[in-house]
Structures are given as structure tokens and as C-alpha cells.
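> Next come the chains, spelled out residue by residue.
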Amino acid sequence: MEILVCVKRVPDTAENEIELNSAGNDIERDDLVYSVNEWDNYAVEEAIQIVDKVGGTVTVVTVGDEEADEVLRREMAMGAQNGILLNDEAFEDSDSMGIATLLKAAAEKGKYDLIMTGAQADAGYAAVGGMLAAMMDLPYASLVNMVEVGDGKLTVGREIEGGNQEVNEIELPCVLSIQTGINEPRYVGIKGIRQVSGIEIPEFDAAGLGVDPATVGAAGAKTKRVDYFIPETGEGAEMLTGSTEEIIAKLIDIMKANGGLK
Amino acid sequence: MATVYAFVAHSDGVLDDSAAELAAAAKKFTDAPVTAIVTGSGVDAAAAKAAELFPAVWKIDAAELAYPNAEVVRKALLNNLDAGAVVLMAHNTFGMDLAPGLAVKIGGAFVADVVDIEGADGDTLKVIRQEYGGVVSTHVTVDMSAGAVVTIRPGAVAAEEGAAAAGGAIEAKAAGDVSAKRKFIEIREPEAGDVDITKAEVLVSIGRGIEDQDNIELAHELAKAIGSQAEVACSRPIVDAKWMDASRQVGTSGKTVKPKVYLAMGISGSFQHMGGIKGGVIIAVNKNPNAPIFQVANVGIEADILEFIPELTEALGDL
Ligand SMILES: Cc1cc2nc3c(=O)[nH]c(=O)nc-3n(C[C@H](O)[C@H](O)[C@H](O)COP(=O)(O)OP(=O)(O)OC[C@H]3O[C@@H](n4cnc5c(N)ncnc54)[C@H](O)[C@@H]3O)c2cc1C
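Respectively, the protein sequence lines represent chains W and C.
Each residue of the first sequence is one higher than the one before, counting from 1 in my numbering.
Each residue of the second sequence is one higher than the one before, counting from 263 in my numbering.
Chain C on its own, in the form it takes in the complex (with noise of 0.2 Å):
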């Protein structure tokens, strides 16, 4: 097998979670030293800390690499990649810019989303990922004869405790030719919602099963009822729909939360909007006993919200 790389991502001297969980994935397929890779600009920080990591880490650094613009950095990458490379990275919105190019670029194959490493046999890689939003598994195989650019879900591979390979040698690499025909311009801010969900102890979070913008009432009278602790969230496509704010949103793209108590309702739990809980008690309620929310929920009711939520609400106004 050619050389394993790392594409690590860091902001501002800080290694993302996902560096970790990238050196995981990788011993869980080889035992040849992986190589990290750090671009940016100013990236000594990030490097060091990489190096606690890896055996290896790569700088690019150069000012044209100040911001992650997935055609430059795919051009520094491949000014010094070698033939065969297998490179993992996380996916996130920045890996699922540069990953998929990169993996033509390079004459490789290519595999997203990647849940779980199952081994190599020789030049082919088994992986687990999932289809239709998680309700279903798939074992993959991954022909990395030729390379591969392999994207890992954040969260899904578990980083391990106590890095094996403190003190790994870093080595500076030129950037090369980046010229590029898409140029950042600046990162906007969103606007301020009317609330905080940030903030709220109970959040009654609501999906697509919520089915029409007029049944959203149900989800408000029920937050009434539990009080003023309780705020109505959302998943995406609520906000998608413009039934709600984007300030409401739970996930990736959302808002990080962390309530004590989760009321998902009508909710698949997708990874991205999963991705923004980060504690408490998550209580799904789902007409599908096969939502995969099921599976990360703590408590799960198989019921329709519809008939369901109005229920509740009258309840807790008894107590």
C-alpha cells in the first residue's frame, strides 16, 4: 500500500476533534507510520499539535493557504503528494469540498462518509457507511490500488486515548503553483434570532413529521405547558421550509445545543442534526419504529406527534 496521509483541519493553532478520530481510523486499516498534513498560514501551532498525533506531519504553509479554499489546497496537496497516495479527512462541509476532486486528481477511489474502518485485505479497504439518512448499513470495499481519498464521519470513528506517536518529525513542504479560479472573499456571520435556544433547559424539537407549518402551534403550546424553560427547536428542513427561523435550527449547520431534556419529535436523527446535541436526555418520538434516531435516542415512544403532542400537553396542564 502507498503512503497513508491525514488531512487535518485547525483553526487558529487548534487541531479539530476529527484529527484524532482520522489517526484511530487509520490504525485501524494499517500499521505503516501515517503522514498528517497541515496547511494554512502561521500553521507551527497546529503542526506541533499534530505531531502529538502522528509520526509524521507535512506544513504547507504559505499566505495563499490562509483560508481552506478546497482548489488551492487541493493544488498544494497534489504538488507533493507521491503516486498511490491514500488520504483521509474528515467530512465536514470543507471535506466534502475537497475530497471528491481530489480523489480524480489523484486517479484514486473515492469513499465519503465513512462510519467504521473494518480492515484492509492487501490493496482493498472495507468500510461501513450508511444510505437513505441512516436507516439502512453497507459494507463497502474500496480498491486502493491506484489511491483513495477516504472522508470519515466526525464523531463516528472514536478517537483513542493517549497518543502512541508523541514527538512525530514535521517537515516543511513548499506549497508549489496554487493558482486558482475561485477566490474566498469573507466568512459571513447569521443574524441573531428572536431566541436563544442555546440557552433553554427543555427544548421541544421538531421535524418534518410535523408535516404542515400550521401544526408547529402544537409544538409551542406544548413548550407553554412544560414553561418558561422549554423553547421549540427545529430540524433543517423546517427551516428550509421558512416555517421557522434559522436560529432554531439544531445540527452542523445549526445550532449546538444542550438541554436537559431533547424532545426530538418527528425527527430521523440524520447524523448533521444529531451532530448538534451535545447532552442531556433525548426523547425521540417517531410514528417509524425503524427511525434511526431509535438508536441514539435514551428514550424512544413509537407514536405520531400529531396525536401525540397534544396529548402530552393537556397532561402536563392536569399536573
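Here chain W stands alone, though its shape is the one from the complex (with noise of 0.2 Å):
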């Protein structure tokens, strides 16, 4: 099975603390930590199981810049065989339609059975992978949290509310979305790191792409960020302050008045 992950690299939120700037339109950027979008780490995962039970190759896939050639080697030491970079200026401020649009042009370049991406990333549109499916008229299950490989096709479980799973069989090839709970992403040491830092991984740009720069990036999306903001919720929580004895009295007496101590 040839598969190809589309993974991304974002501003870990359990390392930062994601604050606006001073000018108050952009998120502060200076001194974030990044990591590999939460989702991809289980796609990844989930790929190179299916690959040491069936045999076949992991290839993973960024739209990104230089930076994002950690997150390639990342998942490539994880066990991934080849890492693929997308990058151009043109690329910056894609929507979820301009990356799509970026990865099915890569992924036309090989030939995969199986094409993954995270069920969401940092911006919570959980787009791609829907998108990608329908581009290449493929199908797609989205939020998949169960894959066993059949011939031909594979068994999936699609998690949806309440814990229920909707089981669905589905022709290869196809695009899956992967949730996270799936399966355990193997840990990645420092030395699996350096063991792939010196294999190299191929880029393209627009023209080596064959995509017309004007359908991509900020020129191509119709879908924009005009700005970032904290929102105005009305009142909020009631915070409690003072020394942790005084904070401890007054909790207690909330949980008593609620009906939550006898």
C-alpha cells in the first residue's frame, strides 16, 4: 500500500501561550514552540501500521516553508520513508481550498492507495482531506478513529456523537481523516531525529508543482483572515482571588451552596 500523510506545522498550544501582538492583528510569533498538528502524529502512526501489516511505503507531505522541514524529518523519524515540501511565497495565506489544491498536485505526482491527513488543524476548519477527496474524486470518510485493510477496500469506523462509531466499508484508493485516540504515535527520540537529518527531501514550488500561483495563496482564497482579536464575552467566570486558604474557603462555600457537599 503506498500512502501518502498530509501533515502540518503549528504553534504547539500546550508549550505556548497564544497571546495577540502589541499592534493586536496577528498572534504573537515571536519565541512560539511548534510541533506537528496533534491530528497528523495518528495519521502518521496509523500509516505505518498499515504498512508493516501489508507492506508498501509512508510518504509525508507539507505545505510550508524551510521550517517546516522538521516536521517532515519528525514524522519521518517516526517511520515515515520520504518527506515531500511544497513551498513558495505564492503559498503563503492559502485557505483550506489553496492547500488542497497544493497537496492534489503533489499527490498526483506519485501514486497512492491511500492518502491521510489530520480530521483538523490549528485553525479548526477540518477541511482538507474533504476537499482533497473531492478534487481528485476519491472517496473520503472523515474523524476516522478505526481502519482494517480489506482487498480492494478498507473498513472504517467514523467516530461521531456520543461515542458511537459509524462503521463504513470504502474502495481504495481514498482519503481518510484521522482522529486522534485511534492508536498510540510512537515516541521520537532525538536520535531517530539523526538518523534521517541526512536524507534529502524534495521541494516544489508553483511551476514545479504545475499550479497557476494565482489559483493559490492570498491571490487565489476566497475564504480570508482579516484580523485577530479577543473576543468580548460578557461577564465571564467569577474569579477568585487572595491566598490560596481564602480561595479554598470561598470554593468551598460555592460547592456547599450548589448542592455539591453534604
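Simulated from the structure, these hints should not be mistaken for lab results.
Some chain W residues close to chain C (C-beta under 10 Å, calculated; not the full set):
1) L20
2) S96
3) Y140
4) E169
5) S177
6) G181
7) K224
8) V226
9) G236
10) A237
11) T244
None of the values given here were measured: they were computed from a predicted structure.
Here a beta-carbon is modelled for each residue, glycine too, at the ideal position from N, C-alpha and C.
Mind assembling these two chains? They're in different frames, but the hints should get you there.
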């Protein structure tokens, strides 16, 4: 099975406090710690496990600048054999449609039986997998939390509301977006990353992909983020202040008043 | 602007709450009549309900639509939609499956998980959404000139009281060719867990802020100090890490709970988590003063849970 997994380098919300910059029009990007989008690690792990069972190769692809190389190498240290970097200034500020257009062009350079994405990334659109599938006229399943490989098809579980699982049969080739919890992504140490540091990662720009720059990036985006802002949220929580003893005393009173302590 | 449609979800003839929210969302940017689309097999009751909310309803009733398979539903919609259609739907697990591909096939724009609509300026729709799990909001413009698909976060746009458009006309539409390469097989329900957190009066709920599996013991000790009415619950990353059983997960893909007191310990407050809490006082303890949960909790405490939980446990022991 030839598998392509689409991954993204994102600010790590566990390692940073995401804040607005002083101009108030962007998040503060100095000193941000980046990592691989959480959902993508599960997608890569699933791809590796499938290839371990039925043979084949795993290729990881990302749209990003030079620094995105580090997430490709991290996923290669997990066990993906190949990486592809899609890098061009013209790709900046692509909307999900633009990203899917670029990934489609990259996917068509190979012959993949299965393409996977994370269920969503930092902007929360949950869009790229479904768009890629529609653009390539392939069947699609989102929020996948189980994959069983059959002959020319897969049996996949989709996570739906209330913890239920919707089981589908889907023909290959297809596109899946992967939900967290499907597996336990393996640990990657510095040593693993060092081992893949010498591998050459092919890089494609708009011309190399055969994509018209006007259809991607800011130029092609029909959906545009105007700014970032902190919402006015009305009341919000009543913040308890004082010494820890005082806070705990207030908290115990609140719990008692609401029937939480007997 | 081309016709605006609302794809409304239902089960067994009962419309999803999101249907009324979509009607309200549409009113925020258009005065034109909005057509609701109901798909499925045997959907007369659902279509009649939709007609209480929308001035026009399309009913696409076919055996192949009995289960909402996104590929099948997409084809049924594309066989009917006007060119340049603007389609609204809920940002739920089905919306996530259907909407992006529908936007591609329409050839329009796509915006997902909208939390509010500011209005439209000609063909430009102006919406508000959030990024980074709700830490920051953004204004977003959407060029609807070639159509658009817009998904709305469930619960975010208040459904208006009183249906303005009662008695909307219901029109039957044919599904057309809906052959698909994906086939629905079955729904599997989760196994019952060792505890039923939906019955607990107090939930000590821990999130990724607990940092380490060994620290979960702190939450159990606190629950014990509170009494037999308390149980330990958690957010999704704790279940994903296999530190706790899925039956303890609160949220849209977990359990819906309604305790008297919900202690959210080291939980950021993503909408999928908060979507599982349907009542009671929410008390959030988080070391980040900007954590989104402080916008939705009733009571907030800025503290490190690894220090705060043991102190609270000790104080309760002294009562
Ligand atoms: C389709 C779908 C369905 C989902 N369903 C669910 C669901 O049912 N339930 C659910 O919970 N999630 C669900 N999620 C995931 C959800 O989007 C969030 O990723 C998740 O809820 C985040 O969990 P968290 O708040 O524990 O972790 P994080 O978002 O990482 O937040 C951890 C918080 O802990 C704080 N913190 C860290 N250390 C400490 C400390 N020592 N003391 C105090 N505070 C600390 C941080 O400031 C942060 O606010 C779903 C996602 C998708 C896409």
C-alpha cells in the first residue's frame, strides 16, 4: 500500500500561551514553540502500522517554508520513508481550498492507494481531507478512528456523536481524515531525528507542481482572515482571588451553596 | 446573492436543535427566503417540522438516503442545487464529513465552525470564528459570488424564539443518481464503563493540565474527600492517552453530564468539551489566566492544579 500523509507545522498550544501581538492584528509569533499538528501524528502512526502489516511505503507531505522541514523529519523519524515539501511564497495565506489544490498536485505526482490527513489543525476548519478527496474524485471518510485493510477496500470506523462509531466500507484509493485516539503514536527521540537528518527531501514550488499561483495563496483565497482579536465575552467567570486559603474557603462555600458538598 | 439553503439534520422525525440555529444564522445575513433541505428515507415528519422554521422546504426522500452517508447526500444535493448556491449546515460530525467536499463540487468558498455571523456586504459574507481551540477569535470574509458552504458551530448562534415562517411550502425533489464508493455498514455503540459519570452530583474533571498519568490519583483523592456523590471525569486527551476509560470522557464525542458542580481542572474549554456539560456550576482551575474556559465557567481560579488539588483535598479533610 502506497500511503501519502498530509501534515502541518503548527504552534504548540501545550507549550505556548497564544496571545495577541502588541498591534493586536496577529498572534505573537516571537518565541513560539512549533510542533506537528496533534491529529497528524495519529495519521502517520496509522499509516506506518498499515504498511507494517501489508507492506508498502509512507510518504509525508507538507505545505510550508524551510522550517516545515523539521516536521517532515520528525514524521520520517517515526517511520515514514519519504518527505515532500511544498514551498513557495505564492502559497502563503492559502485558504483550505488552496492547500487542498497544492496537496492534490503533489498527490498526482505519485500513485497512492491511500491518502490521510489529520481530522483538523490549528485553524479548526477540518476541511483539507474532504476537499482533496472531492478534487481527486476519491471516496472520503472523516474522523476515522479505526482502519481495517481488505481486498481493494477498507473497513473504517468514523467517530460520531456520543462515543458511537459508524462503520463504513470504502473503496481504494480513498482519502481519510484521522481522529485522535485511533492508536498510540510512537515516541520519537533526538536519536531518531538525527538518523533521518541526511535524507534529501524534494521541494516543489508552484511551477514544479504545475499549479497556477493565482489559484492558491492570498491571490486565490475566497476565504480570508481579516484579523485576530480577543472576544468581548460579557461576564465570564467570577475569578476567586486572595491567598490559597481564602480561595479554598470561598470555593468550599460555593460548592456547599450549590449542593456539591453534603 | 444566489439561493440560500439550510441542510437540516434530524433523527426519527425529530429535527436537530441546530435547524433553528441555522434559520437564525441565515437571518443575520439575508432577508431572502431560505430553503431548508431535509434528506433521508421517510422524512415527512421532519420536513413538516422544518416547515415551521423555514419558508420553503425541499424533501429529498429515497431509500438510499436512509442513513446519512456524506457521499450519497452530496450527490443528492448536487443533483438539485442551483448554481452558485449558499449552503448552511451544522459543524457536527456529519457536517465535517459533507461540507468541504460539497464546497469543492459547488466551486464555491468554504468556511467552517462559524461562531457568529456579522452580516453580508454584497457577495461578501462576514463571519467570526475561533482558532487555537478558542484562545483567539478572528473576523473572516467569505466571497460567496460563486456559492459557498458555511458550517455553524452547534449552540453558538441562538435560535430565535417563535418561528416567523410557519407553514412553509414543502416540495419533493428526486435524489437522482447517488451511487457511492463508500457504503454504510452499521453503528457500534460504546461498551459501558465501570462508572456512570452522568449520575454523579459532583465531577472532578481533569484535562491535559494533569500532565502525567500518576497525577490522576490526586483527582481520585479529591473526589473521595468530596464524598460518594463525586466521580472523576476527564477531557479527551486523557482518554486518547489511555490513562482513563472512554466512559469517563465528557464532551460531544463522550458523555453529556449535568452535575450540580463541575470542577474543570486543567481543561482549556474547547467547545467539544463544553458541549457535554448541560448544567450545574462550572468551576475552572487553570494556570493560564487567558484560558478560554474562563469565558464560559461560572467561577474561575488561576492556579496550578498539581498544587491546588492536594490543598483543596486537605482542606476538605479538615472540615
Ligand atoms: C470531532 C471532535 C470531537 C471531540 N470531542 C471531544 C470530547 O468529547 N471531549 C473533549 O474533552 N474533547 C473533545 N475533542 C477535543 C477538543 O477539541 C480538545 O482538543 C480537548 O478538549 C482539549 O482537552 P484539554 O482541555 O484537556 O487540553 P488542552 O486544550 O491542552 O488544555 C489544557 C489546559 O490545561 C492548562 N494547564 C496545563 N497545565 C496546568 C497546570 N499544571 N495547572 C492548571 N492548568 C494547567 C492549560 O493552560 C490548558 O488550558 C474533540 C475534537 C474533535 C475534533
